[in-house]
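A.B. asks: One letter stands for each residue in the lines below.
Number of protein chains: 2
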Amino acid sequence: MAKDKKMVTAITSMDEDFAQWYTDICKKAELVEYTSVKGCMVIRPYGYAIWENIQRILDGMFKATGHENVCMPMFIPESLLQKEKDHVEGFAPEVAWVTQGGNEKLEDRLCVRPTSETLFCEHYSNIIHSYRDLPKLYNQWVSVVRWEKTTRPFLRSREFLWQEGHTIHATAEEAIEETERMLNIYAEFCEKSLAMPVVKGKKTESDKFAGAVSTYAIEALMHDGKALQAGTSHYFGDGFAKAFDIEYTDKDNKRVFPHQTSWGVTTRLIGAVIMTHGDDSGLVLPPAVAPIQAVVIPIAQHKEGVLDKAAELLEALKAQGIRAKVDDSENSPGWKFSEYEMKGVPVRIEIGPRDIEEGNCIVATRYNGEKRTVAIDDMPLLVKALLEKDIPEGMFNKAAENRANKTYACTTIDEINKALENGDGFIKAMWCGDEACEDEVKEKTGVGSRCIPFDQEKLSDKCVCCGKPAKCMVYWGKAY
Amino acid sequence: MAKDKKMVTAITSMDEDFAQWYTDICKKAELVEYTSVKGCMVIRPYGYAIWENIQRILDGMFKATGHENVCMPMFIPESLLQKEKDHVEGFAPEVAWVTQGGNEKLEDRLCVRPTSETLFCEHYSNIIHSYRDLPKLYNQWVSVVRWEKTTRPFLRSREFLWQEGHTIHATAEEAIEETERMLNIYAEFCEKSLAMPVVKGKKTESDKFAGAVSTYAIEALMHDGKALQAGTSHYFGDGFAKAFDIEYTDKDNKRVFPHQTSWGVTTRLIGAVIMTHGDDSGLVLPPAVAPIQAVVIPIAQHKEGVLDKAAELLEALKAQGIRAKVDDSENSPGWKFSEYEMKGVPVRIEIGPRDIEEGNCIVATRYNGEKRTVAIDDMPLLVKALLEKDIPEGMFNKAAENRANKTYACTTIDEINKALENGDGFIKAMWCGDEACEDEVKEKTGVGSRCIPFDQEKLSDKCVCCGKPAKCMVYWGKAY
Numbered sequence: 000m001a002k003d004k005k006m007v008t009a010i011t012s013m014d015e016d017f018a019q020w021y022t023d024i025c026k027k028a029e030l031v032e033y034t035s036v037k038g039c040m041v042i043r044p045y046g047y048a049i050w051e052n053i054q055r056i057l058d059g060m061f062k063a064t065g066h067e068n069v070c071m072p073m074f075i076p077e078s079l080l081q082k083e084k085d086h087v088e089g090f091a092p093e094v095a096w097v098t099q100g101g102n103e104k105l106e107d108r109l110c111v112r113p114t115s116e117t118l119f120c121e122h123y124s125n126i127i128h129s130y131r132d133l134p135k136l137y138n139q140w141v142s143v144v145r146w147e148k149t150t151r152p153f154l155r156s157r158e159f160l161w162q163e164g165h166t167i168h169a170t171a172e173e174a175i176e177e178t179e180r181m182l183n184i185y186a187e188f189c190e191k192s193l194a195m196p197v198v199k200g201k202k203t204e205s206d207k208f209a210g211a212v213s214t215y216a217i218e219a220l221m222h223d224g225k226a227l228q229a230g231t232s233h234y235f236g237d238g239f240a241k242a243f244d245i246e247y248t249d250k251d252n253k254r255v256f257p258h259q260t261s262w263g264v265t266t267r268l269i270g271a272v273i274m275t276h277g278d279d280s281g282l283v284l285p286p287a288v289a290p291i292q293a294v295v296i297p298i299a300q301h302k303e304g305v306l307d308k309a310a311e312l313l314e315a316l317k318a319q320g321i322r323a324k325v326d327d328s329e330n331s332p333g334w335k336f337s338e339y340e341m342k343g344v345p346v347r348i349e350i351g352p353r354d355i356e357e358g359n360c361i362v363a364t365r366y367n368g369e370k371r372t373v374a375i376d377d378m379p380l381l382v383k384a385l386l387e388k389d390i391p392e393g394m395f396n397k398a399a400e401n402r403a404n405k406t407y408a409c410t411t412i413d414e415i416n417k418a419l420e421n422g423d424g425f426i427k428a429m430w431c432g433d434e435a436c437e438d439e440v441k442e443k444t445g446v447g448s449r450c451i452p453f454d455q456e457k458l459s460d461k462c463v464c465c466g467k468p469a470k471c472m473v474y475w476g477k478a479y
Numbered sequence: 000m001a002k003d004k005k006m007v008t009a010i011t012s013m014d015e016d017f018a019q020w021y022t023d024i025c026k027k028a029e030l031v032e033y034t035s036v037k038g039c040m041v042i043r044p045y046g047y048a049i050w051e052n053i054q055r056i057l058d059g060m061f062k063a064t065g066h067e068n069v070c071m072p073m074f075i076p077e078s079l080l081q082k083e084k085d086h087v088e089g090f091a092p093e094v095a096w097v098t099q100g101g102n103e104k105l106e107d108r109l110c111v112r113p114t115s116e117t118l119f120c121e122h123y124s125n126i127i128h129s130y131r132d133l134p135k136l137y138n139q140w141v142s143v144v145r146w147e148k149t150t151r152p153f154l155r156s157r158e159f160l161w162q163e164g165h166t167i168h169a170t171a172e173e174a175i176e177e178t179e180r181m182l183n184i185y186a187e188f189c190e191k192s193l194a195m196p197v198v199k200g201k202k203t204e205s206d207k208f209a210g211a212v213s214t215y216a217i218e219a220l221m222h223d224g225k226a227l228q229a230g231t232s233h234y235f236g237d238g239f240a241k242a243f244d245i246e247y248t249d250k251d252n253k254r255v256f257p258h259q260t261s262w263g264v265t266t267r268l269i270g271a272v273i274m275t276h277g278d279d280s281g282l283v284l285p286p287a288v289a290p291i292q293a294v295v296i297p298i299a300q301h302k303e304g305v306l307d308k309a310a311e312l313l314e315a316l317k318a319q320g321i322r323a324k325v326d327d328s329e330n331s332p333g334w335k336f337s338e339y340e341m342k343g344v345p346v347r348i349e350i351g352p353r354d355i356e357e358g359n360c361i362v363a364t365r366y367n368g369e370k371r372t373v374a375i376d377d378m379p380l381l382v383k384a385l386l387e388k389d390i391p392e393g394m395f396n397k398a399a400e401n402r403a404n405k406t407y408a409c410t411t412i413d414e415i416n417k418a419l420e421n422g423d424g425f426i427k428a429m430w431c432g433d434e435a436c437e438d439e440v441k442e443k444t445g446v447g448s449r450c451i452p453f454d455q456e457k458l459s460d461k462c463v464c465c466g467k468p469a470k471c472m473v474y475w476g477k478a479y
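Here the protein sequences come in this chain order: P and Y.
Numbering that gives the first Met the number 0 numbers the first residue of the first sequence as 0 and each following residue consecutively.
Numbering that gives the first Met the number 0 numbers the first residue of the second sequence as 0 and each following residue consecutively.
Calculated from the structure, these hints are not laboratory results.
Hints are supplied without guarantee of correctness; some may be wrong.
Because identical chains share one entry, a pair is satisfied inside a single copy or across any pair of copies.
What the hints assert, rightly or not - Listed next, the in silico DSSO-like pairs over lysine-lysine satisfying Cα-Cα at most 27 Å (straight line):
{"hint": "1", "residue 1": "477", "residue 2": "461"}
{"hint": "2", "residue 1": "37", "residue 2": "82"}
{"hint": "3", "residue 1": "317", "residue 2": "135"}
{"hint": "4", "residue 1": "199", "residue 2": "441"}
{"hint": "5", "residue 1": "324", "residue 2": "135"}
{"hint": "6", "residue 1": "37", "residue 2": "241"}
{"hint": "7", "residue 1": "135", "residue 2": "37"}
{"hint": "8", "residue 1": "135", "residue 2": "27"}
Source: prediction; values computed, not measured.
Here chain P stands alone, though its shape is the one from the complex (with noise of 0.2 Å):
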C-alpha cells in the first residue's frame, strides 16, 4: 500500500524553495510529465481538463464576439516567413526547421510556426478583395513552437497550446477597437473565470511583439512577487498588409490598405492558477475551470447507508450542473482529504454515519480551509452559490491583497531598490518615454518595464531615472 499513497508525501514548501514548490505541484496533482524531447511535456488529462475548460469558457467568449474558428497549416516556408522583415528577425532564431519530407530534400525549407501572421495574410491575400470581404475575424486553437533554451512546465516549453486570433479591418479604428476589446476579454475571463487580478496595459516599444504597431498586454503578480504577462494583444496598422500585397477595394473603388491585429493566450494560463492560488497542499483551481469541482467523501463507508447517501448527495450536485465525483475508493478519508487538497479541487463534502443521523454533512472549501456543518437538503445550492461567488470572489480578493501588499509606489532608484529588499513585487514608478531610462532602471534594480497601465497614477512629475519630466506610470517587475 505504502506505493500508492506516493501522491500525497510532502510537497516542498513554497517558501522554502518556490520553483521547486511548483515543479513538485506539477507533477504530484498530475498535471504533466516529461518526455524524451527536451522541452516538450504530456499533458495528463486532469490538467489537459483544465485546459479544456479555459478553451470552453474563452471559446464562447470568442464567438459571442463574431470571431470564427479556422485552421491554418503547422509549417511555414521560410520564404513566406521572411516577407516583413521585423516579424522575421524576431522570430528566426528561435524556429524549428523541417529540412526533409519523406526521402526528399526541401528546396524552401518549413519551419513548424511560432505563430501564424504570415500565414494568415497569405490566406487574406487570396480571400479579400473588396470592403465587402471585411472585417474577418478569425482564431485558431493549435500548437506552436519556439526553440527555447531554458524551458518550465506550462510557463516556457518549445511547444505550446495556445489560441491565436487574428483579425482583419477596414480601418486602423476598427482594428484598434479589436485590439482593445480583446485585451477587455482577456482581463475579463482572467479576473472572473481564474480570480487573477490583470493590470491592463499598454508594452513599452522595446517589448512589442516583432512587426507590431503596438502590444497590449494583461500582467500579473504570482504569489512569490515575480510578474507573469498572461495574454497580449497586437494592433499591426497596415504593415503585414503592405508586405503581402492584401489590398481591397472601398466603397469609393480605390485600393487600399486593411488594418491587422492578433492576440492569444497559452497553456501559460494553468502556470499562473498554479502560481497565484496555490498553498503548501498543492493546487488551489477557480471553480470556473477545475475539472472536479466538488469532491464527496464517504467517511466510514462500509457502514450501511453511508455509500448510498453518498451517490444521493452526487446526483444533488450534478442536478445543479455541478461537475462532481464521489470518491469510493479504499483509501482512507485522510488519504482522500490530501488527494483532493493537492489536486485543488474547490470543495469537498464529509458524509459519514453521525452526519446521516442528523441530517447533515460538512462542506469544506479549498482555498480558505473553512469548514461548515450544512443540512443534507440546503447542500447543493449552497455548493453552487459557493462556486459562483463566494469561491471565486474569496480567491480574487486574496490575491489582490497579495498582489497590493507586493505593490510598491517609488520616485527613486533608492527606493526601488530598498522597496525590493522585502522580496520581488511590482514596481509603480514614473518614466520619461526614453528606452535608456528603461535600460537603466534594469540594470540598476533588476527590475523591467511590465506594462503602461491604462489605469494611470501621477506619483511625481518627474522620470524615476533621469528626473527629466515623466510622460507616464509604468510597472515594472521581474517577470516570467
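Knowing the structure of chain P, use the given hints to seat chain Y on it.
C.D. replies: Chain Y only, in chain P's frame:
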C-alpha cells in the same frame, strides 16, 4: 455586383468529372483554401465548423465510455520512433524531419508525429507500475503529418486533423473488447450523425496498421462507387509493451506485459460526407454536423413586416435548439437559395408577404428538394423533427440505396470484371485467405480487398481466385 456573385456560378457536374466536382465543392462551399505549403490547406470557418461538430459529438461518445483527453508533444525523436520495428518501417518513409532548432543542429533528429504510439508508449512506461494503474483510456485531438506525394483536400493531405485514441489494458481480452467498442462507436457515429452507411470488418494481413496484431475498419461507398476507409481501430497485443519495456505487477505480484489499442478518425470524414451526399447543386450536410441547420430567407424583404416575421421565425427555431440564421443581405432570394444549397444547409424556410397573410411559410429540405407549405406556428417543431429524424433517415436510405445499387456478389474473376463494367462499386467475393490470391484479384480486376466484414455471407464454397476452399467473404473495391 457581378464579382460578388462568383459563389453561385455553376460547379462541374458530378457525372461529367467527379474529381473536379469534388474540388469545386471544397472551394465554392468555402470549406478550404490552398496555401503555398504543398499538400497543406487552410480549413476555412465553414469547413472548420463542420469539424467542430464532429469533434463535439465524438468527444462526448469517447467521454461517455470513460476516455480522457491528453496532449502529447508533436515531435518524436528518431531513436524513439525506431523502437518498434514494424512501426518504424511503416512510417519512416513518409515523415517530415526537423533537423535544426533555432541555431542548433539536432543530434537526434525529430520527426513531426505521423501518429503517436511511440510517445504514448514512453509515457505508459513512466506511469504504469501496478494493475491498479490499468486501464488507461486516452485520446487526443491533434494534427499529424505524413509526406504524401499526391494530395487532395480532406482525403489525403500532408497535414491533417484527427483524434487518436490510445489505450492500455491488463489483458488481451479487455484490449480486444476496446478495439471492437471503438469501431462500433465510429460506425454508430457515421450512420447516425453523418447518415453514411458503413461496413464493419477486419483488414487483411497485408493491409494492417504498422505494428498491429489486427486492424478493424469501417468502409463506406462514395457516390462514384469508390470505397473510403472512414475509421480504423487497432489491436496491438503486447508487442509495443515489449518493445518499450512497459510492465506491471499483477494481483499475484508477477511482472506482466499489458495490451494496447489505438483508433482514429480524421478530417477525411468531411470528404466522405461530401462524396456520399453531395449533388450537382453542391454540398448536402447531415443535420447533426451542419454549422447552419436551417436558414430563413425573407422574400420581398423591403415590404413591411417581412423582416420582423423572419426574425420571429429565427427566435422560434433557436428556442428549439436549432442552429439557425436569417439572411437579410441585399442579394436576391434566388441567389440566396443557390448559396445555401451550395453550402448544404439541410432546411430552408421562405417567408414573404403572402405567406404572412396566410399564416404560412415554405419549408424546403436540401437533400431531396421537397418543399411544403406549413403553418407558421407548426414550423419550429416540424423543422426539429425533420432535422432529428426525417432528414438523417432519408439521407441514410438514399446513400444505402446507392451502395446497394453498386454492390455486386461475384463468384469468379470474370464476374467481377463484368460487374465493374457498370462502373466502380463494392464487390463481395469469397477468399481462401492467401495473400497471393488477394494480389491476383487486384491485378486482374483492379479492385483490392477493403475488409473481411463481420457480417459474413456464404456466396460459394470456393475462393473467387484460386478455387480452393474459401475461408471468408471479402469486400473488394477501388479506394480513396
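A.B. asks: Could you tell me which of the numbered hints above are not met by this structure, giving the numbers in increasing order?
C.D. replies: none
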